[in-house]
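Novice: So you can see what is in the structure, the chains are spelled out below.
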Amino acid sequence: GAVVSQHPSRVICKSGTSVKIECRSLDFQATTMFWYRQFPKQSLMLMATSNEGSKATYEQGVEKDKFLINHASLTLSTLTVTSAHPEDSSFYICSAPDLLTQETQYFGPGTRLLVL
Amino acid sequence: GENVEQHPSTLSVQEGDSAVIKCTYSDSASNYFPWYKQELGKGPQLIIDIRSNVGEKKDQRIAVTLNKTAKHFSLHITETQPEDSAVYFCAASIGTGRRALTFGSGTRLQVQP
Numbered sequence: 022g023a024v025v026s027q028h029p030s031r032v033i034c035k036s037g038t039s040v041k042i043e044c045r046s047l048d049f050q051a052t053t054m055f056w057y058r059q060f061p062k063q064s065l066m067l068m069a070t071s072n073e074g075s076k077a078t079y080e081q082g083v084e085k086d087k088f089l090i091n092h093a094s095l096t097l098s099t100l101t102v103t104s105a106h107p108e109d110s111s112f113y114i115c116s117a118p119d120l121l122t123q124e125t126q127y128f129g130p131g132t133r134l135l136v137l
Numbered sequence: 012g013e014n015v016e017q018h019p020s021t022l023s024v025q026e027g028d029s030a031v032i033k034c035t036y037s038d039s040a041s042n043y044f045p046w047y048k049q050e051l052g053k054g055p056q057l058i059i060d061i062r063s064n065v066g067e068k069k070d071q072r073i074a075v076t077l078n079k080t081a082k083h084f085s086l087h088i089t090e091t092q093p094e095d096s097a098v099y100f101c102a103a104s105i106g107t108g109r110r111a112l113t114f115g116s117g118t119r120l121q122v123q124p
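The listed protein sequences derive, respectively, from chains A and B.
Just so you know, the first sequence maps onto residues 22 to 137 in the numbering used here.
Just so you know, the second sequence maps onto residues 12 to 124 in the numbering used here.
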């Protein structure tokens, strides 16, 4: 299957700082990527849909000014958590759909964010 | 929007036994149903999927069944092995093209050696 990478795999930051997470499709192009958040022992919740060349669409309750998404190229989407707070500590996971079927989602390995 | 319910939340089986995880969905327009396996600290890994025009799909020890009328689908793992121990998530999506998934709450499977 297709490979999606994320960087960094884990990050610790101080409250009030910003953190950028990268999501890359390594062997295929992805005009759309999805960002999910997963709290401990919970399921994945969709945060936003990242669209190459246009603005991201955010799910209800997700602040677009706090979670900035930039889909800079056909293989890269970034999520920036601005002015991070301890309650933003979570596991952030991106996914990209298979180019052929457009249904099959390939997930990245996730980024563990801890805000102190 | 779509709502996916999953049960049981935890499942413990003896090595070699079968495991069954069930999910129900709310929107009859859902047409794609993948299952993911997630190990601790890692991203979900697709293990099998099924589309609404198919009632059953099998891949070695793993099978998925879909009942569109009842709006539920199930994951069946036979001859379980300790390395099958993980959290399993069902999911559903609606429509065509690139669309996000709605996930179930997850099932923690423990295979006892």
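Hints should not be assumed to be uniformly reliable.
[Said to hold, decoys possible] 30 Å max Cα-Cα, derived DSSO-like pairs, lysine-lysine:
# : chain 1 : residue 1 : chain 2 : residue 2
1 : A       : 87        : B       : 69
2 : B       : 53        : A       : 85
3 : A       : 76        : B       : 53
4 : B       : 69        : B       : 82
[As the list claims (entries may be wrong)] A few chain A residues that face chain B, going by a derived Cβ cut-off under 10 Å, partial list only:
# : residue
5 : 59
6 : 88
7 : 101
Because the hints were derived from the structure by calculation, they are not lab data.
Glycine included, C-beta positions come from ideal geometry on N, C-alpha and C.
Novice: Compare the structure with each hint and give your call.
Specialist: Each hint, compared with the structure:
no., hint, result
1, 87/A to 69/B, "violated, 43 Å"
2, 53/B to 85/A, "holds, 26 Å"
3, 76/A to 53/B, "holds, 28 Å"
4, 69/B to 82/B, "holds, 19 Å"
5, 59, "holds, 9 Å"
6, 88, "violated, 15 Å"
7, 101, "violated, 20 Å"
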